[in-house]
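Residue numbers (my numbering), protein chains in the order written: chain A, 1 to 264; chain B, 1001 to 1262.
Partner residues are not named here, just some residues of chain A that face chain B (Cβ under 7 angstroms, in silico):
id, residue
1, Val36
2, Ala43
3, Gln174
4, Val182
5, Ile192
6, Phe196
No wet-lab data here; the hints were simulated from the structure. Just so it is clear, CB atoms sit at the ideal spot from N, CA and C, and this is done for glycine as well.
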Amino acid sequence: MLRVYLEVIRIRFLMMLAYRVYYYSGVINYSLNIGVYYFLWNAVYGGATSLNGMTAVQMATYIAVTWMSRAFYFNNLDYEIAAEIREGQVAVQLIRPYQYLLVKAAESLGEGLFRLLLFSAPGLIIVSLVLPIQLPSFGSVWMKFALSLFLGFLINVQVNLLIGVLTFFFLNNQGLLRAKRVLVDLLSGVVIPIPFYPEWAQAILSFLPFQAISYLPSITLVKGLDGESFIQAIGIQLIWVLVLCLPILVLWAIAKKRMTVQGG
Amino acid sequence: MLSLVSLFLEYLKQYIKTRLVYRWDFLAQFISDLLFQAVNLIFILVIFSHTTQLKGWTQGEVIFIYGYFLIPWAFFASFFNIWTFNDRYIIRGELDRILTRPVHSLLQVLMENMTPESLLGVINGIVVMIWGMSALEIEWAWYDLLLMILFIFGGVAVYGGINILLMSISLYTDSKNDIQPIIFNIGNYGRYPVNIYHRLIQIVLTWILPFAFVGFYPASFLLDQQAWRELAFLTPLVGLSVLLIGIVCWNRGIRHYRGAGN
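Pulled out of the complex, with its shape left as it was, chain B reads as follows (with noise of 0.2 angstroms):
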């Protein structure tokens, strides 16, 4: 365990070298991440200069679902948002000098990836949250922040269980495929109430691909509503266990995996 956390800092300290050679991407990356939160914004804000209530929403609870959104999405960015895998990894084979080392080859994947810096998301989310609760009255009891985190380490699982059973189905072929982007687009649909969609869709949300656990149940049980309190409570259930699958479909797959070469 200690050898981990020595080695995860070696690979924090090779990141931020190479990061400090580029020192400009990382403003530039931080200014462009802040301003597609801030079109959602614009976009919740201009929506509700039509109607004072979506669904039964109001405009800060909308705001405040967001903001706590950003937070369990900010740690996903840093530790589990790999896009490149197929094409680096599989297609020119980088896992196989992976395969050859004594770490577990998806610790190694992810250290190699991480981006810490997309933690500075979690400033933007808890500014957001602070901003929705301004025009909102919400009791804030003293084990709702224990639970916060709780959930918020439940929503990170969902989408890091996700996207190691997406990069898993990668290992079993080296076909280009494109379903990263289209997971994205559905984990959008957790970010907004989900008593707007049609049941079917609450249904994919809640027990198929789990998104509303990362953004909207916890985020409604933290704005005091009865509604879907007993589903908020599973989110650290739901996380694990989507978690633990990926992890199991990664470990067979690493079994299953041949290279690309021949």
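The shape of chain A in the complex, shown without the other chains (with noise of 0.2 angstroms):
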């Protein structure tokens, strides 16, 4: 069974690389991205060599790591799965001997190898020549990396899901769809990083999972997290994993039995 998700992984890499003109494009707008903020947070930085307990490499170092990862981890699976349902290709998918969702996930592996290995790394790599950033040297944090990495897209896989199933629910998601990718950006502190937010929006941050998608990940590699801060970063992200199931798995259960109803 397994093999049949690698398969999945597989063909959804190769199915990037047939398009990969699109993604050219791609990584000058997440280098325009990155400029952007970087501009604007030098300017708030201003003289000051260290805002929030982070110092002004540090927070260069932040925009650029955070817009590569998003590259990696980012995906239209909400969007996807809207459209199947939308389009009733998901009838077909229902049939077929596989989990529709484990599918899903595969394929959005595959576009975010792709993604990492020729979008990320070499754009990681551009960056640091152009932008004063400070990457750490290769050692232990860059695999702590991967796994919060990783991790962090397992939670945005799930996020992506959730929203998607929930499309079953509502005929009209569109809305829905876009706000949660504004909403996203912005709370996985991506456009902020979270320390930089007021307490009580911190506070509240805390108990959302956008937070493990990005910003944990992130930090971990720009300030070099270790021993008890780095276990409790990926345990945060562990448990974000294990919970998110569950609402998932109750939603599809029930949009499945729902789905009879549609086709009549």
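The task is to assemble the complex, starting from two chains supplied on their own in separate frames and drawing on the hints.
Below you can see the structure in the form of structure tokens.
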């Protein structure tokens, strides 16, 4: 059974490779976003060397790492599921001998791996040549980052699956999908690192899964978290991976029942 | 001219009919636009909780510039923002249908794709501007409002001209290109004070892809800043030139256009 999903990952990877032209523009777009946030935060720092426990160099590094991580974990799974529901293809998917949601997750991993190898990694190298960022030298901190980034990827996939399945219950879901996309960037720490939020907002964000998608992996690399603080970060991520399974499975079970009604 | 106006009204009528079928889409679109703007404002508020000024600009001024930027953006989004041009008109060949009709091809494409409800963004922009101004003391002379209207049209023309230029590229090649999001992201640079950027980026935003004329230069004039005064006055001229370049390229592209089939 595992072989099926590995094949799905492989096919998706190859599919992305076929449309690689599309991704050159993606690299430019991400670089432009890194640029604008770099200059904005640079102006915020002004002469100050450190704000909220982050130096100006760490901030620049954080911006580059979060955006390039986003290039890896970002996908349109929720849009794809919504489209397949709207167009009725999901019925065909369901009679096939695999788990629909797992196939969707495997597809996004194939896409993510493609972006990681051809987009994030070279992108980060290019950015480090242009902007004064400081990446740690190769060592255990990169392994920790890789683990944390993968967990962040999983949580993002789960959030997308959850939103995608939710579209079963709404006739109109474009607004929901668009709102979710904007909010995830804000709440996950891509636009603003979590410690820069006011304290009341930080308290709320600590109870939401979004910081586990982007902020925790990036800060692991930028600050070189180790020992207890690293264990804690990974722990939070693992808890969210487990917790998010529940609503997905419940909603999916209900959605499958409702679908027979839709089929008439 | 009169026939063009009545044609525009006919397109508008058809558009309203199609929109009324999916009226919740309209609300969802509006709310998610609002959310997007709220996120940008939250970002401004958060960065100003860590500094009192951004390279000399206060919070009120940066909010004002953003609010001003939303107004030309709303006009652009209503009448020029065609993300699917390549896919719909070139790859699926709808441009052939356009070319058989006796109205200028560009006008038809623009009218078929207008989304006038985006004009609601003008209200958002004015509200944000007033919010920004509440912390500032700005002298409004009687002609400032007239200049502002002129500047807004200049900004819309800059955005529209660049977009038409990009659509013209599609007329030469039927392969998928993805330049539009890139331009959108460069355009975002124009809604913050340009003196925070590297000198090279400032030159690009002024003379190559003149997005600084959409938001920053005119807004800084309205904020009574003297440093960019001359550039602000150039806004209508720059807008007109970019629009003209776009239209000329479109006309040449249409003559070159051979269709995606064989």
